[in-house]
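Between the sequences and the hints, there should be enough to build the whole structure, so can you do that?
Residue numbers (our numbering), protein chains in the order written: chain V, 1 to 736; chain L, 1001 to 1157.
No lab work stands behind these hints: they were computed from the structure. Predicted, not measured: the structure shown is a model, and the values here were computed from it. There could be a bad hint or two in this list.
To be verified - Some but not every residue of chain L turned toward chain V, in silico, with C-beta under 8 Å: (1) 1032; (2) 1059; (3) 1088; (4) 1125; (5) 1126; (6) 1135.
Stated by the list, open to error - Listed next, the stretches of chain L that the computed footprint assigns to chain V, with coverage defined by at least 3 CB atoms under 8 Å from CB atoms of chain V: (7) 1039-1052; (8) 1070-1079; (9) 1095-1107; (10) 1136-1148.
Idealized CB from N, CA, C, for every residue including glycine.
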Amino acid sequence: MTIPQTWVGRSRPSVDAGEIVTGALEYVTDRFPDGVLHGAVLRSAVPHARIDRIDVTAARSLPGVHCVLVADDVPVNALGPREVDGPVLAETCVRQVGEAIALVAADDEDTARRALATIELELAPLPVVDSPTAAAAPDAPQLHPTGNVSGRISFSSGDVEQAIAPAVLVLRRNVTTPSQEHVAIDTPGGVAAVEDGVVTIWCGSQNPGLHQRKVARALEIDIADVRMIANPVGGAFGSRNDDPMPVYLALLARATGRPVRVHMTREETMAAGAKRHPFWTSIAIGFDATGRILGSSVRAVADTGPVITSGPNVMKTSGEMSTGPYRFPVASFDGTVYYTNNANAGAFRGYGVPQVAFAIENAVTEAAHTLGLDPMQMRIDNALRGGEPHSLYRHRVTDSLAVRATLEQAAVHPLWTDRVSWQAQAAWPWRRGTGVATAIKGVGMGSGTGDAARARLEIDGDGHVTIWAGPNHTGQSIQTTYGQVAADVLQIPIEQIDVRVGDTGVVPESGPTAASRSTYAGGNAVRMVCDELVRRCSELELPLQLDPEGTGTKLVELGEATYEQTFVLPDTDDIGLVPPEDLAKYGPHRVYGACTQAVRVELNTLTGELRVPELLCVVDCGTAINPAAMIGQAEGGILQGLGLAIMEEHRLEGGVPVTTSLENYLIPTISDTPVMHVEMVDSTEDSGPFGAKGMSEVVVVPTPPAVAAAVMDAVGVLPQTLPLTPERVLSLLEEA
Amino acid sequence: MRLNGIEIDNVPAELHGMRLLDYLRTERGLTGAKEGCGMGECGSCTVVIDGAAVTSCLVLVGQVLDAEIRTVEGLADAGHGPLQRAFVARQAVQCGYCIPGVLNSCAALLDRVPDPDDEQIRTALDGNLCRCTAYNRFYDAVHDAACERRTDQAGQA
Ligand code: FES
Ligand code: FES
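Following this line, the structure appears as structure tokens:
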């Protein structure tokens, strides 16, 4: 039976939009409960030092101070089960600027900051490991007992050098992509309070269950005594995966017995918040005369800073995406993640894909140019199609993969077809160019990982349905999407359905808001739990749609008013060359979203200024459940990709951040924003809710290489280092 | 000062040195004004002071004792319901954290220029950072609001 759809596919404003525009929505950082204390964090100003002495006597005796906590005061001073997860508070040494050393709670923020200033700290400087190269040096200081290698992943599907021996063109290139700061406009913070032995933490999180476990570990309390309420929060983009803030809040609330509030400053967030991993990527890739890829070998090095956070997992994703959206016979990948005393790097929208995509897309751009081929057609000819084996792991990718369709649709758009005449209209000192790039990214945590999402449903005597589901929302209004799915399965008005996310007290564990999985995984769990209610109603011959009230009343009477379902993300049907025992280690995906972008660039040959006036984005996301929300996600993602391409770089010198605030770390403003055309292709993912899959990360990926290709089209040189600041553009022009 | 149309006399002297942003959030419970940087760079704390969009993190209470101040909570009463509704209908909000500041910048513009063009909207919003959206729908929402306000006025005339 096919379910007639009513809500899915229709744009619908987010459920909390009304409260957003009146200022009524209470973010976790807007809470000022009665008797709240204000917390602050003492942070290291140096990248690497031994801690010889911390004296908090003066701070503790300052009037208005309620507690001062150092490492010894943390029951289990660990942010995770492994040493490399790092401590909650620095104990014997500090390993990055911004590392937390002490926590204070006081009557007001001023007193808390004054208390921090009285803490006496004796630090003995240690040599700074300021790059992966320094970390790999034989005499490098070792940042962990396990050494300076945080993770390594390599895989080969055959002999690449042999495969590319007959190539008419072999490119061996190195590209560099910078550290990028999320700049969620809301900085980390929130409130914690202890009541009846339960610590409740209102703090943004993309993984409330993980944060619940982190808090329980550090405080040495039962996980049932920790409740994370993880929204509303002002943006995340990956920054709320590894954030230790919930642990700080919980410690302070427990130590004082009072509610405690902390809201990090922008400067603190710039120094201490996890960043996008900077990468150094090299590629060797061979092409035949028609532009077909014969084989590629990619080596990547990443800097994860002093603790592990997502380092090796990011590199795992880089490995899988190192062959781009292309189909070719032989590939290899070798990626290494190093510890350094630079900024910790963690999850960031795209999760290791933009970095390697820049290498492979640049290579394809250059090859098309050298071989005299159309860069769009060359991509179409090489595109991986649905159901085909992935180029590295040879596992089967989903039938719905429509990367080729995204390219074909972009190829006929005027932004692309008019590129020659548009270029010819440039007026000195400006030059113009148009570039294209394409990408895919997996949806979910990958095969073998047991990735799952859950949903619980309850119907009451009024026929009103409440659904508790995950993953959490951090700005995507995922509740709206879940509500649309539920309304269509239940065939009842959407107003009769309430969706709650992000509260570990009531939402069953559903994993992170990450890996483009929320719509696909959470949406499927919602679909399943609604299916279950529909099934039960039909067994009991209860007319849910015609008489929701009577049906609800009856189900409550029968004690059958609640349902729970788990959606386990399906693994790929054929794991290809991946050894079954290593399936989770490589985590190849079954389902991928795809995106092609074509970008226009104008470049000032005197000043190096680079403008992006117009951009086309074609997305393969399966069914768009809430099309305007999907397009909004795409636009925001593109702008973050554009920031990475042309202006954003978190810079450090000798481990000391140079970009310290929004004064010197710039992100795109409305004036930097191009006119964007976002289109969808027709695709349906059979395993997704109503055919949907995920797309919110892949849209970040093509932007930087498309900009690079446009620069080459404009001035004849292909940039290999991001971001394309005016200085970099000027030095490129010297090469031209 | 007049805050969202309400006269507030005798702001205690010890609060004069407080940032207006903190005063609004902690003393008046107007948490619609958000902090994103504390140094005038992000615009999420933007309120309207004597008709101009101003970042309230850079203003001290003592500087605005005689001023007319409007926050996002006062937008509807000031006739900006159409603007608020347009932002909802255009699905121009995501996480929403920047939105109160964005709306105040737009409202100050609409009060000055009833039918702004894109260039004027861009200039008005150049100090408001949004990391979720790509700003484009802000133009549409402002145009919608301007149109609705014109139609309303025509209806009343
Ligand atoms: S908080 Fe005032 S401009 Fe950012
Ligand atoms: S909507 Fe999130 S910052 Fe603008």
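Cross-check of the supplied hints:
Because the beta carbon of residue 1032(L) sits about 2 Å from the nearest beta carbon in chain V, less than 8 Å, this interface hint is met. A distance limit of 8 Å between C-beta atoms decides the matter here; for residue 1059(L) the minimum to chain V is near 18 Å, and the interface restraint is violated. Interface hint at residue 1088(L): satisfied, since its Cβ lies 4 Å from the closest Cβ of chain V, which is below the 8 Å cut-off. The beta carbon of residue 1125(L) comes within 5 Å of a beta carbon in chain V, closer than 8 Å, and the hint placing it at the interface holds.
Hint on residue 1126(L) holds. Least Cβ distance to chain V is approximately 6 Å, under the 8 Å limit. Using the Cβ-Cβ criterion of 8 Å, the hint placing residue 1135(L) at the interface with chain V is satisfied: the shortest such distance is roughly 4 Å. Under the rule that three or more residues need a Cβ within less than 8 Å of chain V, the assignment of the region 1039-1052 of chain L holds, with 4 such residues. By the rule of at least three residues with a Cβ nearer than 8 Å to a Cβ of chain V, the coverage given for the region 1070-1079 of chain L holds, with 5 such residues.
For a cut-off of 8 Å, the count of residues in the region 1095-1107 of chain L with a CB near a CB of chain V stands at 7, and the three-residue condition holds. Here's how the region 1136-1148 of chain L fares: 3 of its residues keep a CB closer than 8 Å to some CB of chain V, so the rule of at least three is met and the hint holds.
Hint violations for this structure: number 2 only, all remaining hints satisfied.
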